[in-house]
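Asker: Single-letter residue listing:
2 protein chains.
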Amino acid sequence: MKKAVVLLSGGVDSVTAMAIAMHEGYAVHALSFNYGQRHSIEIEKARRSAKAMGVAKHLVLTMDLASIGGSALTDSIPIPKNRDAAAGAHEIPVTYVPARNTIFLSCALAWAEVLHAYDIFIGVHAQDYSGYPDCRPEYLHAFEHMANLAIKAAVEGRGKIRIHAPLLNLGKADIIRRGIALGVDYSLTHSCYDPSPDGEACGRCDSCLFRRKGFLEAGLTDPIVYLST
Amino acid sequence: MKKAVVLLSGGVDSVTAMAIAMHEGYAVHALSFNYGQRHSIEIEKARRSAKAMGVAKHLVLTMDLASIGGSALTDSIPIPKNRDAAAGAHEIPVTYVPARNTIFLSCALAWAEVLHAYDIFIGVHAQDYSGYPDCRPEYLHAFEHMANLAIKAAVEGRGKIRIHAPLLNLGKADIIRRGIALGVDYSLTHSCYDPSPDGEACGRCDSCLFRRKGFLEAGLTDPIVYLST
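Taken in order, these protein sequences are the chains called A and B.
Residue 1 is where the first sequence starts when you use my numbering, and the numbers rise one by one after that.
Residue 1 is where the second sequence starts when you use my numbering, and the numbers rise one by one after that.
No wet-lab data here; the hints were simulated from the structure.
Please read all numbers here as calculations on a predicted model, not as lab measurements.
Glycine is no exception: its CB is placed at the ideal position from the N, C-alpha and C atoms.
Possibly wrong hints are sitting among the right ones.
[Said to hold, decoys possible] Covered stretches of chain B, going by a simulated chain A footprint (3 or more residues, C-beta under 8 Å):
{"hint": "1", "stretch": "109-123"}
{"hint": "2", "stretch": "161-167"}
[As the list claims (entries may be wrong)] Simulated coverage check for chain B against chain A, where a stretch passes if three residues somewhere in it have a Cβ under 8 Å from a Cβ of chain A:
{"hint": "3", "stretch": "66-79"}
{"hint": "4", "stretch": "147-156"}
[Stated by the list, open to error] Quick partial rundown of chain A residues pointing at chain B, CB under 7 Å, derived from the structure:
{"hint": "5", "residue": "M63"}
{"hint": "6", "residue": "I68"}
{"hint": "7", "residue": "P98"}
{"hint": "8", "residue": "A99"}
{"hint": "9", "residue": "W111"}
{"hint": "10", "residue": "P133"}
{"hint": "11", "residue": "A142"}
{"hint": "12", "residue": "L149"}
{"hint": "13", "residue": "A150"}
{"hint": "14", "residue": "V155"}
{"hint": "15", "residue": "R158"}
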């Protein structure tokens, strides 16, 4: 059985990407990060999804990205609420974490090298976050090219690293429909940037708003509870 | 004054690369990693070099690479001693840490983005470690290309990330000569993979052997003390 490393935040996108990797027949090695995010509840939710979906292994890597700063997700910068996210789609929001996809993919590459795996899944998609350069196909191709020059097995031709971004051209509603078709239990997922101490979603941050809009457009009921309607 | 991020392990190579960055007029932002290495004494040594050389800032990032495994530097795999390193130059030693340069450069990129810096220095050199794919110029160029697609300032043309590897074509003796010419105090550096609890160098691991050979070939006295001659 081929192994794949799947970046798993525990949100709708990464859990759906994980379901797709499993559907494609990979033994999934899920990789999550405890990076100093204020919404670290997502790690617990990632564990639950990984367990429920029967991954081969789930690794949570600790990394202090908060010390680099520059993001509302790790700094004390307030999380924007009730933003018209569609209107701001070409601006990078303060919740952007500098070079996060590059750092996470690099760690996935390291684990892939140890596992002798060559397939890495990431749940990025261009539509919702068109302001993030590191969600675009040209970025992902450049990362893949670099990765194939970075590790010995690839350089020696024993395998070729492939970065899979199966959600790249899907909107949120399509992603949710795809996940439902694959049996994803979205009640186990977490999306909110600013949850309550008990882990309840605020309902008003960009991530909550995108999620709610996605379920609405898909004509489906979001199974999680929001503090604010 | 232009800012640069310099990857600083506290060894001969990175301290020399840092001296070159300073000589070229950059305000140096040194980045070190506490990644679960058994020779974590190098972090303390990196702090001393950074302080002695008057860097603008020194950041030590904590990251649990030991949980990924696959290296004698983070696992309980024994560190090879008295190896004929020259003979094994085309084999990757067990002290290799999977994708480490990619992970470290990615974090440097994140910090550069926060600092509005575009220059990243890394002290890799091809001669001693010809078995490491991620020390080769083609790898460094591919990383640079990817980096310029990853961050907004580069994509929007406000600056272009440059990966500087000023030691790339130098041997260890040349590196040491260059550092001495720039006033580097090598008594503050640390190279050993397997130091004593007091931080004394073993004298017999690959890193100690390369260092000693370098000082010998340069006709200079290594100012640090070794446990074994």
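Asker: Run every hint past the structure and note whether it holds.
Answerer: Hints versus structure:
1. 109-123: holds (count 5)
2. 161-167: Result for this restraint: violated, n = 0.
3. 66-79: holds (count 4)
4. 147-156: It holds, with 7 qualifying residues against the three required.
5. M63: 4 Å, holds
6. I68: 5 Å, holds
7. P98: 4 Å, holds
8. A99: 4 Å, holds
9. W111: 5 Å, holds
10. P133: It holds, given that the least Cβ distance between P133 of chain A and chain B is near 4 Å, below 7 Å.
11. A142: Since chain B brings a Cβ to about 4 Å from A142 of chain A, closer than 7 Å, the hint holds.
12. L149: 4 Å, holds
13. A150: 5 Å, holds
14. V155: 4 Å, holds
15. R158: The hint is violated - R158 of chain A has no Cβ within 7 Å of chain B, the shortest such distance being about 12 Å.
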